[in-house]
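> Sequence:
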Amino acid sequence: MTGGAAGGAAALDAAGAYRRTMRLLAKLPVLDAWNAIADEELVSHTDARDLLGTLERVSEKARQNTSARFAAKSTERVEGEGGWEGRRFIDAPPVLRRVPDAEAAAVAASLGEYRETLAQDRLPLLRRYAIQDVAFRVVGTGSVGLRSYVVLLLDHRGEPLVLQVKEARPSALLPHLPGAGFKAPDTAHEGQRVVSGQKRMQVVSDFLLGWTTVDGRPFQVRQFRNRKGSVDPAALSSEQLDDYGRMTGALLARAHAHSADPRLMAGYCGKSDELDEAMARFATAYADRTEADHALLVRAVKEGRIAAEAGV
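Each residue of the sequence shown is one higher than the one before, starting from 561 at the first, in our numbering.
No lab work stands behind these hints, which were simulated from the structure alone. Predicted model, so just to flag it, every value in this text is computed and none were measured. Just so it is clear, CB atoms sit at the ideal spot from N, CA and C, and this is done for glycine as well. Watch out, some of these pointers could steer you wrong.
Have a look at the derived ranges for each label pair, beta carbon to beta carbon [said to hold, decoys possible]:
(1) Ser-756 - Leu-706: 11 to 21 Å
(2) Arg-760 - Ala-867: 32 to 42 Å
(3) Ala-867 - Trp-594: 21 to 31 Å
(4) His-818 - Ala-744: 21 to 31 Å
(5) Glu-799 - Arg-849: 38 to 48 Å
(6) Arg-760 - Val-618: 41 to 51 Å
(7) Tyr-846 - Arg-609: 41 to 51 Å
(8) Asp-681 - Glu-719: 17 to 27 Å
(9) Val-763 - Val-861: 35 to 45 Å
(10) Arg-623 - Ala-744: 23 to 33 Å
Once the Cα atoms are required to be at most 20 Å apart in a straight line, the calculated DMTMM-like pairs of lysine to aspartate or glutamate come out as [claimed, not checked]:
(11) Lys-759 - Asp-746
(12) Lys-759 - Asp-821
(13) Lys-759 - Glu-719
(14) Lys-759 - Asp-599
(15) Lys-788 - Glu-616
(16) Lys-862 - Glu-851
(17) Lys-621 - Glu-600
(18) Lys-633 - Asp-715
(19) Lys-788 - Glu-645
(20) Lys-633 - Glu-645
(21) Lys-621 - Asp-599
(22) Lys-831 - Asp-821
(23) Lys-633 - Glu-719
(24) Lys-788 - Asp-661
(25) Lys-621 - Asp-766
(26) Lys-621 - Glu-639
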């Protein structure tokens, strides 16, 4: 974790960068604000030059984070009819496991509905792939307990494309909207809601992002391991952590400006640092609570009250 003085300073920097960036966007013409601060401008915009080396390493690692690399480690060759060779997932519990044929068939069939959610120019690409296998794969801590599948597709040369079919649940904020004076929106499909939010918030989204339904449950669909990368805040020095805070604050402001009028957001933030300090206090308290919860979990595992497997 990044609690303590360094974490608090980074949180304050992030909040300040958010407010300043939102005020900048509020002063621009609508189209200019929408397209402002391209990714390649973020370092100079937030004066985050101490992060340059880290960002270059993350970018290089992300370029290798592909479906082909995942498939090479997580699948094996199988011989089909007439000697043709395909591939299938290898059981690797508890993270990856094969599923019964009926469950796999339901997931595979749902990709028909998924195709209907994509832009027409994406369909010729998908038609060049054939579904090979389906497996269940446990994902991040925020999605543990939800259904999440990986679907292996191969082209005519046997090159893989892996799609993730991930269960979409209602927003955790939904029950609190009436109390805050907002009407709860009518959501026809939770997967569509998640995808729409991602496309609105991200400057560049996965071009195969869509949604579907499996056994009556809503799912989002996206490429798995689509050259994604991330910075590990726990590995940063205090100087880099401040830069990281400013960059994430600016990124969040840019994303929010795509979903709400930046003039309204800038007015809410105000001109003083009162909001900055409130957000920093919340972030520090949240980090402290997370560390305390983790300590309780470790104790429960040590005492045998909770079963856990280390090193997964």
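> Go ahead and decide if the range 17 to 27 Å is satisfied by the Cβ distance of Asp-681 to Glu-719.
Given range 17 to 27 Å: holds, Cβ gap about 21 Å.
> Could you grab the alpha-carbon distance between Lys-759 and Glu-719 and see if it respects the 20 Å cut-off?
Between Lys-759 and Glu-719 the Cα gap is close to 28 Å, so the pair fails against 20 Å, i.e. violated.
> Holds or violated: Lys-788 with Asp-661, Cα cutoff 20 Å?
31 Å, violated
> For the pair supplied as a hint, Lys-633 and Glu-645, confirm whether the alpha-carbon distance does not exceed 20 Å.
17 Å, holds
> Between Lys-831 and Asp-821, does the CA-CA distance stay at or below 20 Å?
Between Lys-831 and Asp-821 the Cα gap is close to 17 Å, so the pair holds against 20 Å.
> Look at the Cβ atoms of Glu-799 and Arg-849 and judge whether their distance stays inside 38 to 48 Å.
Check failed, 26 Å falls outside 38 to 48 Å.
> Keeping to a limit of 20 Å between CA atoms, is the pair of Lys-633 and Asp-715 held or broken?
Judged against 20 Å, a Cα distance of about 18 Å means the pair holds.
> Within a Cα-Cα threshold of 20 Å, do Lys-633 and Glu-719 meet the stated pairing?
Distance ~14 Å between Lys-633 and Glu-719 Cα, so the pair holds.
> Taking the Cβ atom of Val-763 and the Cβ atom of Val-861, is their distance within the range 35 to 45 Å?
Cβ of Val-763 to Cβ of Val-861: about 41 Å, so the range 35 to 45 Å holds.
> Please test the hint of 32 to 42 Å on the beta carbon pair from Arg-760 and Ala-867.
40 Å, holds
> Evaluate the given range 23 to 33 Å for the C-beta pair formed by Arg-623 and Ala-744.
41 Å, violated
> Can the restraint linking Lys-759 and Asp-746 be considered satisfied, given a maximum Cα separation of 20 Å?
At roughly 19 Å apart (the allowed maximum being 20 Å), Asp-746 and Lys-759 satisfy the hint.
Hints 3, 5, 6, 7, 10, 13, 19, 24, 26, counting from the list given before, are not met by this structure.
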